[in-house]
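Engineer: Sequence:
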Amino acid sequence: MDEITAILDSSRPVADIISDLKEKSVEVPEWSKLLNDYEPTRHRIVNDKENRKDKVKSDGTLERASRIHLGLEKLLTKRTTEFAFAIPIRRVYHNAGENDKRRQIAKAIEAIYKYARIDSENIRRGNAYFASCEIFTIWYAVEKPNSLYGFKSKYKLKCKTYSPMDGVSLYPLLDEMGDMLAMSFEYKKKIKDEEVTFFETYTSDRHYKWKQQCGSWTVVSEPQIIKLLKIPGAYAYRPVPIYHGLTHIREEIEYTLSRNSDVIAYNSAPVLKVTGKLVGDEDKGESRRLFRLESGGDVAYVSWTQAIEALKYHVETLLKLFFMQGQMPDLSFENMKSLGNIGFDARQMMLSDAHLKIGDESGAWIEFFERECSVIKEFLKFMNTDWKDEIDNVEVEHIITPFIQNDETAMTDRLIKQNGGKPIKSQLETIREAGYSNNPEGTQRQIQKENKIEAQARVNSLFEGAE
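Taken in order, the sequence shown gives residues 1148 to 1614; the numbers are from this note's numbering.
What the hints contain is simulated information worked out from the structure, not anything from laboratory work. Be careful, since some hints might not be right.
Claimed, not checked - With a straight-line Cα cutoff of 25 Å, these simulated BS3-like cross-link-like pairs (lysine-lysine) come out:
id, residue 1, residue 2
1, 1358, 1307
2, 1299, 1254
3, 1305, 1524
4, 1335, 1358
5, 1303, 1248
6, 1358, 1171
7, 1169, 1377
8, 1248, 1180
9, 1307, 1335
10, 1305, 1335
11, 1261, 1248
12, 1524, 1291
13, 1225, 1180
14, 1254, 1528
As the list claims (entries may be wrong) - Here are the computed distance ranges between Cβ atoms for each label pair:
id, residue 1, residue 2, range
15, 1561, 1183, 45 to 55 Å
16, 1307, 1561, 36 to 46 Å
17, 1345, 1570, 55 to 65 Å
Backbone N, C-alpha and C define an ideal beta-carbon position, used for all residues, glycine too.
The whole structure should be built from the sequences, with the hints applied where relevant.
Structural biologist: Written out as structure tokens, the structure reads:
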């Protein structure tokens, strides 16, 4: 009896089964701890009563200490995800050639990704992966007759991603070779004003589901058979979040700005300096105040001079260190407007570090996408049995393109040059991409007609000149 069969033995108490399934095979940081760094409102400075003490004034009112918190970890997570997936993942289908059936299979796989809204899903799971360190995407079929995939199908494929960011605990069970034996996840759901805990497990041939009420676990339903003969999902994890080791820099910026904010607030009230003895009382008019002093006396406001340059240098240096160690550029508006209208090659050079970072991260993502694609292929074998023998012959390559703001003119000139100075698009394709015409074919015919009339007019003018 293998390990997973022994664990899921129905004769064992459910509590013991779930306890064994919760023995996680990988080490991933707890999201409850990571959340304290990721979420700005949970930063240490917000509740630090020792270093940021509130003051009680003489009149009994409370003067709160400044507590400026910055979401730099959240920003770095979003920035990394955007660089990886802002330009959608491109899939290249190999080994299709002139085989019509394989080309149809490639179109069907692409349609599955399209109608599952995979580009939006990649953004969501990118944020979850880089911040909470693990994700699990499950693929499932719902009965809904359609022709979305190039053939009549009774089912539509959908996907759902689980991660600790959504309050779901993931428990992968791997063997000594790293192959997944089972994938379990635990989540809570509200049913009739009562919060119920559910625990689900997927193996290569079964789907199990339990729920916990009144402190005890019970079986929700009999195990469902999985016809794919593989776990219908893909799992990815990382040992540390994308912002690992950068929290101390962010904290230093927060405390520096907060301390300076207190100093500014304390010195913001004007201070009046009186030199000499005041004669009589202050004369307050509607538009002026009059002081009478003995000879040599003076009245003046004391201006406060702050060493702002030192503070500015300190904070800017810390910000540069944060983004430099995160290998992401600071693309704030202030930084971008100072660059001016730089060329495409200069932009590529400026984003080299970020592109190298995405290249470093892409390996785990490519493996994840390949596992996910193999699951989709298995589903497709059951959705269209006529393709069953050909589906595995279609190879799918996933390409991650790091974000860069494209220069259409530079790119077009480069492609035309590579094409020997010849056009790279037909006139009809250009009209379609422009999007101005409701009837691109009709617009093309009209353009050709006008060109023909213009050419005929030039020929006629040449003959008239000869006469």
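Engineer: Does each hint hold? Answer for all of them.
Structural biologist: Going through the hints against the structure:
Proposed proximity of residue 1358 and residue 1307 is supported: the alpha carbons are some 20 Å apart, at most 25 Å. Distance restraint check for residue 1299 and residue 1254: the Cα-Cα separation of roughly 14 Å lies within the 25 Å cut-off, and the hinted pair is therefore satisfied. For a cut-off of 25 Å, the pair hint linking residue 1305 to residue 1524 stands: about 13 Å separates their Cα positions. Taking the CA atoms of residue 1335 and residue 1358, the gap is about 9 Å. The hint holds against a cut of 25 Å.
Taken as a hint, the residue 1303 and residue 1248 pair is honoured in the structure, with Cα atoms around 20 Å apart against an allowance of 25 Å. Using a Cα cut-off of 25 Å, the hinted pair residue 1358 and residue 1171 holds, with the two alpha carbons roughly 20 Å apart. Only pairs whose Cα atoms come within 25 Å are accepted, and residue 1169 paired with residue 1377 is accepted, the gap being roughly 20 Å. For a cut-off of 25 Å, the pair hint linking residue 1248 to residue 1180 is broken: about 51 Å separates their Cα positions.
Taking the CA atoms of residue 1307 and residue 1335, the gap is near 16 Å; set against the 25 Å cutoff, the hint holds. The hinted pair formed by residue 1305 and residue 1335 meets the criterion: a straight-line CA distance of about 22 Å does not exceed 25 Å. Taking the CA atoms of residue 1261 and residue 1248, the gap is near 20 Å; set against the 25 Å cutoff, the hint holds. At roughly 19 Å between alpha-carbon atoms, residue 1524 and residue 1291 fall within 25 Å of each other, so this suggested pair holds.
For a cut-off of 25 Å, the pair hint linking residue 1225 to residue 1180 stands: about 19 Å separates their Cα positions. With a CA separation close to 14 Å, the supplied pair residue 1254 and residue 1528 stays within the 25 Å bound. Here the CB-CB span from residue 1561 to residue 1183 is close to 48 Å, well matched to the stated 45 to 55 Å. In this structure the hint that residue 1307 and residue 1561 lie 36 to 46 Å apart at CB holds, the actual value being about 41 Å.
Look at residue 1345 against residue 1570: about 58 Å separates their beta carbons, and that is inside 55 to 65 Å.
Violation of the numbered hints given earlier is confined to hint 8; every other hint is satisfied by the structure.
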